[in-house]
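> Each chain is listed here by its residues.
Number of protein chains: 2
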Amino acid sequence: MPRVSDADLASRRGEILVGARRCFAEFGYDGATVARLEAATGKSRGAIFHHFGSKEGLFLALAEEDAERMAEVTATSGLVEVMRDVVAHPDEHDWLGTRLEVVGRLRTDAEFRRRWLAHQEHLDAAVVSRLRETAESGALREDRSPAALRLLLELMLDGVITRVATGRSTESMAEVLDIIEETVRRPPPRA
Amino acid sequence: MPRVSDADLASRRGEILVGARRCFAEFGYDGATVARLEAATGKSRGAIFHHFGSKEGLFLALAEEDAERMAEVTATSGLVEVMRDVVAHPDEHDWLGTRLEVVGRLRTDAEFRRRWLAHQEHLDAAVVSRLRETAESGALREDRSPAALRLLLELMLDGVITRVATGRSTESMAEVLDIIEETVRRPPPRA
Chain A
1 MPRVSDADLA SRRGEILVGA RRCFAEFGYD GATVARLEAA TGKSRGAIFH
51 HFGSKEGLFL ALAEEDAERM AEVTATSGLV EVMRDVVAHP DEHDWLGTRL
101 EVVGRLRTDA EFRRRWLAHQ EHLDAAVVSR LRETAESGAL REDRSPAALR
151 LLLELMLDGV ITRVATGRST ESMAEVLDII EETVRRPPPR A
Chain B
1 MPRVSDADLA SRRGEILVGA RRCFAEFGYD GATVARLEAA TGKSRGAIFH
51 HFGSKEGLFL ALAEEDAERM AEVTATSGLV EVMRDVVAHP DEHDWLGTRL
101 EVVGRLRTDA EFRRRWLAHQ EHLDAAVVSR LRETAESGAL REDRSPAALR
151 LLLELMLDGV ITRVATGRST ESMAEVLDII EETVRRPPPR A
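As you go down the protein sequences, you meet chains A and B in turn.
For the first sequence, counting from 1, position 78 maps to 78 in UniProt numbering; every step adds exactly one.
For the second sequence, counting from 1, position 178 maps to 178 in UniProt numbering; every step adds exactly one.
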């Protein structure tokens with residue numbers, strides 16, 4: 001049997017993720033049956049399960065991709081920029097809706113919860129480190145605890161995702177994100 | 001057949017709602033089968049469907065109860081107080097989780113969406129009217145549009161519900177809600 005290179009394996013894994021994201025977005029979590037996942041990814045169930053173990057593993061790998069992307073944007077431009085990104089990509093709404101459906105399981109499924117939180121660790125670390133840098137540069141407001149400013153940003157991100165995922169109006173969103181950015185920053189010195 | 005009084009009907013309707021909320025919280029939306037709803041409410045499926053038409057109708061009636069309660073608190077104390085309320089009642093987390101699961105359907109089910117939004121109308125009206133009153137009393141900041149301040153509050157409420165529903169830490173939440181309250185208000189005059 002010919003040996004499959006690591007590069008081939010990585011590229012197959014990537015192809016499955018792209019097709020699966022589309023499939024979850026179209027049919028929802030429960031509606032994304034194994035047969036539909038095969039059709040959407042062009043890969044056999046054997047290949048899918050080899051890479052991801054289960055449908056849950058596949059879903060969590062997609063959530064991890066999100067978290068990685070958000071962590072990158074956070075590291076260079078902050079979490080408010082992540083929110084601007086979410087608002088700017090209406091084509092991702094459907095996937096965000098699936099994400100929202102599944103997040104409900106965090107409260108009832110301890111193992112799912114453990115895996116989900118582990119996948120969010122890079123993003124959490126990026127948020128903490130970005131806030132530390134902003135504080136060190138003197139741009140973070142100092143009359144409130146960094147923990148509260150971090151939670152404020154995280155709640156806003158959840159709020160923005162819910163809003164976009166449910167397809168409600170995002171008018172005024174740009175102004176809201178400006179307000180949030182201003183709120184966590186140190187006010188300019190009084191004239 | 002003895003005539004059932006309006007008061008009896010209203011009280012039966014109320015009993016069904018109490019039991020159904022508990023049932024959805026325990027089993028999730030899909031897990032709350034008609035048999036389980038009968039057991040939790042102590043009422044026959046005939047009685048349940050007489051009052052609410054369908055399981056979806058029952059769920060939406062519970063969401064409407066939430067919206068009514070939130071509208072009352074908003075009218076007297078503002079939407080930030082609603083968020084404080086959500087955080088103060090961990091016993092409602094399970095129901096909020098079900099709410100979160102189902103909200104994912106807003107994007108895929110136009111009829112559900114229409115009914116959900118109709119049920120939220122009282123709350124929307126209460127938010128608008130509270131903001132108008134705050135503005136008239138001179139307590140609302142004036143350098144930002146009322147529409148943006150309203151959206152900011154609504155996004156925060158969604159964020160708080162998601163946080164609490166998924167059982168993640170709410171440490172620092174009190175401080176965050178103080179920051180939000182301060183953010184929509186007019187700053188005190190400079191000394």
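In short, the hints are calculated from the structure, not lab data.
In this text, all values refer to a predicted model and were calculated from it rather than measured experimentally.
Errors might be hidden in some of the hints.
Going by beta-carbon spacing under 7 Å, a handful of chain A positions derived as facing chain B [what the hints assert, rightly or not]: (1) 134; (2) 151; (3) 159; (4) 189.
Derived Cβ-Cβ restraints for the label pairs, each shown as a range [said to hold, decoys possible]: (5) A:109 x B:178: 30 to 36 Å; (6) A:10 x B:178: 21 to 27 Å; (7) B:7 x A:88: 18 to 24 Å; (8) A:145 x B:109: 37 to 43 Å; (9) A:81 x B:178: 32 to 38 Å.
Glycine included, every Cβ here is placed at the ideal spot set by N, Cα and C.
> So, for every hint listed, does it hold in this structure?
Status of each hint after checking the structure:
1. 134: 16 Å, violated
2. 151: 5 Å, holds
3. 159: 3 Å, holds
4. 189: Check failed: Cβ of residue 189 of chain A comes no nearer than 13 Å to chain B, outside 7 Å.
5. A:109 x B:178: 30 to 36 Å: Roughly 33 Å apart at Cβ, these two residues keep to the hinted range, so it holds.
6. A:10 x B:178: 21 to 27 Å: 47 Å, violated
7. B:7 x A:88: 18 to 24 Å: 54 Å, violated
8. A:145 x B:109: 37 to 43 Å: Once the Cβ atoms are compared, 41 Å apart, the range 37 to 43 Å for residue 109 of chain B and residue 145 of chain A holds.
9. A:81 x B:178: 32 to 38 Å: At roughly 25 Å between Cβ atoms, residue 178 of chain B and residue 81 of chain A fall outside 32 to 38 Å, so the hint is violated.
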